[in-house]
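Undergrad: Each chain, written out:
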Amino acid sequence: MAARVGVVTFPGSLDDGDAARAVRLAGAEAVPLWHADPDLRGVDAVVLPGGFSYGDYLRCGAIARFASVMGALVTAVRDGHGLPVLGICNGFQVLCEAHLLPGALVRNAGLHFVCRDQRLRIESAATAWTGDYEPGAEIVVPVKNGEGRYVADARVLDELEATGRVVARYVGGNPNGSMHDIAGIASADRAVVGLMPHPEHAVETLTGPSADGLGFFTSVVKQLVNA
Amino acid sequence: MTGVDDQPFAELGLRADEYARIREILGRRPTDTELAMYAVMWSEHCSYKSSKVHLRRLRDTGASDALLAGIGAQAGVVDVGDGRAVTFKVESHNHPSFVEPYQGAATGVGGIVRDILAMGARPVAVMDSLRFGPADAPDTRRVLPGVVAGIGGYGNCLGLPNIGGELVFDATYAGNPLVNALCVGVLPHTRLQTNAAVGVGANVVLFGALTGRDGIGGVSVLASAGFDTASDSGGGSKRPSVQVGDPFTEKTLVECCLELYDRGLVVAVQDLGGAGLTCATSESAAAGGSGMRVWLERVPLREPSMVPLEILTSESQERMLAVVAPERTDEFLAVCTKWGVLATVIGAVTDTGRLVATWHGEVVCDVPPASLADEGPVYDRPTRRPADLAALRADDPGSLPCPASAAELRDTLLRLVAAPNLCSRAWVTEQYDRYVRGNTVLAMPEDAGVVRLDEVTGAGVALALDGNGRFCRLDPYAGAQLALAEAYRNVAVTGARPVAVTNCLNFGSPEDPQVMWQFAEAVRGLADGCRALAIPVTGGNVSFYNSTRDAAIHPTPVVGVLGVFDDVARRTSMAFATEGELLYLLGETRAEFGGSEWAHAVHGHLGGTPPRVDLARERLLAAVLVAGSRDGMVSTAHDLSDGGLAQSLVESCLRGGRGARIVPPPRLDPFVFLFAESAGRAVVALRRSEELRFTEMCDARGLPCTRIGVVDGDSLDVQGQFAVPLTELRAAYEATLPALFG
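Chains as they are written, first to last, in the numbering used here: chain A, 1 to 227; chain B, 1001 to 1742.
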């Protein structure tokens, strides 16, 4: 049976359709999850997509973390069974606001929204979402954000670096001033990954700068099938 | 006082004869509310009173079997096969963007998106055409960053990819920037919506954002003084007439509307834009041939002190009006609740033929809806050829000093590549999300944006948006046709078949006979051009009064062309991608520099006549490009326009990261070869194995094609003249806008 990967739609989610497409192209079933529904519908993994949940008023992701579906998600993540979760862009912001990942994402250093094709280095293949990449592999996926600058205190940064929890780093130019050029990080158990760039926009060469992003989705599907 | 003098019609922007006609229609003195409603609906913006007599020409512009809704609808709707239709439209938001750049531009995007939504379509992409004063002018530095941030801030948050457009700098737009926003949407035929309010007893539902004091009199700036007096509200008098946008509310409104349509809960729907509730109620009642009863105290307000005429003329954003059958109303309201969209039954459809609005039981408006919506004044204003036109046209650029030596040609190339009108637009376009929805196949800096509509079949559309104010200043008839031809060509180079046209006509004051002549000529040129190209005009927008201190802007019709693909996998990019491919120049090059970017950027010169228009040639070129793309003959295609061949080659080299070796034809002056702006041309790259098949096709169809070189190396090498390394070209091309705008 195909793995079932939930894709959450908050009001203001924009890349939910793209995430669902990426899940399907990776060979899994995409299961829509509604923000107001405290039910994960028995999915095997969850994607929190990009967008501007609840208009990103107050602070990016700050309102979404209180959505009913997030209560169910936090419970599932914390129950120790290692539910894989990928937060992309706004989803990363939501994961930080929900304290499932450390640190925060703040206004880009250049103060502008930036949309460009970005080179990334996969720093860790030991997460639920990156097993299909070779460590050190360079990929090109779109980055597009106004508040994508990853910040954390020195202790958190040291711990992320020391424990191999930096998942991806910007190379060939840091688009938003993120500390340590961090593009993505993982939880201590490597199941929850937050990523500022958009692998779901790089799953077909027709519409993306590459198909390099598909690996995030095939990685989790492979892990689920082998589990 | 008694008689006509006791009503402030002039302050509201109405003429004495217009006021007299309102009294005649009503058979009595209008209430203050009614007077305000006529003032906004009979404004130039809403009534098209000066343009109507000319725009009739555009209604009859060719084959229209594919047209499901045309001019007069909120946006034209074109059948693209498989039971699917596409709707697209471009609209101006020039004056608000000058007053308050961020919100002005943002609400321009929001407004055009609701127009598309009101047709039953899901909006799938946006584009924008922007014109500012000189790039280094202080006011451009104030306006441009705000406009770009506003377009990005709204469109990005709405989840619509921005796939292209224009950015032009010219002193003519100093103090009067042009901000034209386009949206394209897609719908199944069965979801096409109407705004005709029918069914006596049906509920009239206002849904979306609260109604506030923003944008009152936005369509008629003169009107705001009168409103402030009438509102008797100290706080109100300082409100700007620019609306404030909330893209998150619009995003939920889009999803809510689409679910309402899909569930068949809507009898009629109209967006609220200029003239707000007045426009939506009167137009939908007039379209349905019905009447409407509205209880204004039911309208949810942002500020409880608002009075009826403010409620009726507020231009608060993110609102829609729907007509809903009584037995479906609960279900309608439940869908709105699901999306967090406020919805209120504010009225009912009647058979009285009157639009009646009450405020706590008092009738404040009782008028025939068509008298507001359709029967406004129409003026056939006087026209006169501009007095300076003959001298301007006689001032031929042929007398300007032009580069002759190889070194001068090289310097000219580098100077033009870095010119504000030709340099990289990345500083702007990187602020727009072009990836969202995952269907963007081509986006800027490509000649046209291409969007996939069907993931299974690959069906899709291409869109280009072009204008050229300098050409139109020299000859508005030819200039409008050149804008049309460029957009048509830009669609065709991607491999799409052009099928329909929209337009945004930006002009000075219609009360100036010289402006009116330019307008009449441009519309005539556009109408004749569309007939010659056999693509219909499906709708458009007119923006008058674009002038600063009595000086009108260059006449600037901006033309959008929609093309269709059976399969977007066949699209052709402008990038030189493969070493060794052969470069062919299609079309003919003449020493045409009137209104050219070279004359503008190097000499600050505007004079002479614009390039010759040959629409039969444009059709032929497009047919060859579409066939070449469909049959896999053409690897790369790029339009030639501003800056000529040199600019086109630079863009294709930099886009693909590959150089080119160019051999100028022996009998053509290298300066003319590189920089002339003759229309009807494109550069293509071909695999050697396709050369014979392609050139035979051109020969058979009678399209001139000249082999000019080969994709090769890491510089642009014009043999016998000069070579410029791509690194040097890229540095010149990319530095200009970041240096100006940070």
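Hints should not be assumed to be uniformly reliable.
As the list claims (entries may be wrong) - EDC-like cross-link-like pairs, simulated, lysine to aspartate or glutamate; straight-line CA separation at most 20 Å:
1) B/Lys1049 x B/Asp1079
2) B/Lys1052 x B/Glu1375
3) A/Lys222 x A/Asp158
4) B/Lys1338 x A/Glu147
5) B/Lys1052 x B/Asp1017
6) B/Lys1338 x A/Asp132
Treat the hints as calculated values from the structure; they're not laboratory data.
Undergrad: Now tell me if each hint is right for this structure.
TA: Tested hints:
no.	hint	in the structure
1	B/Lys1049 x B/Asp1079	violated, 30 Å
2	B/Lys1052 x B/Glu1375	holds, 12 Å
3	A/Lys222 x A/Asp158	violated, 31 Å
4	B/Lys1338 x A/Glu147	violated, 28 Å
5	B/Lys1052 x B/Asp1017	holds, 19 Å
6	B/Lys1338 x A/Asp132	violated, 39 Å
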